[in-house]
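S.K.: Knowing the structure of chain R, use the given hints to seat chain C with the ligand on it.
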Amino acid sequence: MSSNPNESAGPVTMMQAPLYLQYRFTAGTSSLSFLHAIKRGRLIGRRCPGCESVYIPCRGSCARCGVATCDNIELTDEGVIDKFTVVHIPIPNNPIKPPFVVAHIRLNGADNAFHHLIGEVDNDKVKLGMKVKAVWRPESEWDYGLDNIRYFKPLGGEHD
Amino acid sequence: MTDTLNELPPLTQDFELGFTYTRSLGPVLSRFLTGLRDGQVLAARTRAGTLLVPPPEFEPVSGASIKELEPVAAEGTVLSWCWVSQPSSSAPLNKPFAWVLVRFEGCDGAMLHALAADAKEQVHTGMRVRVRWAPERVGNVKDIACFEVHKQ
Ligand SMILES: [Zn+2]
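Each protein sequence line maps, in turn, to chains R and C. Okay, so the first sequence: first residue is 1 according to the numbering used here, each after it adds one. Okay, so the second sequence: first residue is 161 according to the numbering used here, each after it adds one.
Keep in mind that the hints are not guaranteed to be accurate.
From the derived model, a few chain C residues whose C-beta atoms are all more than 10 Å from chain R [claimed, not checked]: (1) Glu-217; (2) Gly-223; (3) Ala-270; (4) Met-271.
Simulated DEER-style distance windows between Cβ atoms [to be verified]: (5) Ala-279/C / Tyr-20/R: 28 to 34 Å; (6) Glu-139/R / Pro-169/C: 18 to 24 Å; (7) Val-298/C / Asn-93/R: 22 to 28 Å; (8) Val-221/C / Ala-9/R: 31 to 37 Å.
Just so you know, these hints were derived from the structure itself, not from any lab. Beta carbons: idealized from backbone N, C-alpha and C, even for Gly.
With the rest of the complex left out, here is chain C:
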């Protein structure tokens, strides 16, 4: 064979690699996602008295197991954000939006989620946002459809 690269037309092939994972949630995330399904945001109560959303399974400083979860308001403050002008097909919103890091009211920690906004100019650090619930909820972080601007 004396094929040279110049004589051979290029070949490409699209393919999809899929992993159909189902994971068990454990005691803390089970309660957290059950809460989301039921339209409620649950925070982890640490022994130092602080509240964490999303709830970790263990306290970040002491490593102790999280035992208590309690409901908090479904609203918070944007700590950081990034505008997405061209959403990919798997993005949570099908028009331009912002990824935001939201600190829930009275809590520590922060949740990464999408913020629906009409323009980048509407988004800024420190702005108030609230949960927009998905119309049908199953016990998944997507039960929070996105966050939306909270006009007070």
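One chain only, chain R, in its complex shape:
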């Protein structure tokens, strides 16, 4: 047996067991269309040849039909709030200070939705079905991602 200065420190009751998984994501054909478009400030969805559902961000296959999606469809940066939540708990390393609204946004002409932030409105004025429009970052900051959009804001007049 070896000696240890911690011996008087009392029983060990907890154990840290962190798990870190390193991934390298390679965009497939449909994600590639979406990402190259949003780099240029455009929003591209993909349509299912069976049920005609439009997915944005693009999916390589239709969740309903299981078949490969085919056509690229350009969408506007306007849509509706499908659902939302008010975040009150700070997220480590996240510069956004709570409380803030995260919403599931379905763009006009799309059949799925994605998460984004809601801005330029009081949290308690956000409603389901509210019409919203993207507020983009300056073009010089555009990269391959949805955070080229800073947040979505209500379309005028809808929230008063």
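M.R.: Here is chain C with the ligand on its own, set in the frame of chain R:
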């Protein structure tokens, strides 16, 4: 849009998904890891009288709760092994080593851990090994830095 795949350069992105778990240990593993911190290997004593390292919380056959733990020698025998010629960055040793299944002296069960060895030729089933303690211990299985060849 008429982008075709041929015109679009591929895009890749590295990212890390982290889960910063802290778990509570319960009565048996608390005592086992407290023992490791204090430089002692504790075995579970079953009602049939056998000793198990690492200690389970319940007896494997009867399902009864483990109540008794007792110290055993920090040495044992290699039951099985696998040589790692190219350790990953998260491996317990930063040079080639063996993963070994060690049965502690006088015990049943076996512990999976790393064995420090200079070459694959040094490792064989049935060889005697002993614990190499970590210089600083906190109450974790890594308090056993690795096993090392036990020359008698
Ligand atoms: Zn479909």
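S.K.: Taking the hints in turn, state whether each one holds.
M.R.: These are the hints, each one checked on the structure:
no., hint, in the structure
1, Glu-217, "holds (14 Å)"
2, Gly-223, "holds (24 Å)"
3, Ala-270, "holds (21 Å)"
4, Met-271, "holds (16 Å)"
5, Ala-279/C / Tyr-20/R: 28 to 34 Å, "holds (31 Å)"
6, Glu-139/R / Pro-169/C: 18 to 24 Å, "holds (20 Å)"
7, Val-298/C / Asn-93/R: 22 to 28 Å, "holds (25 Å)"
8, Val-221/C / Ala-9/R: 31 to 37 Å, "holds (35 Å)"
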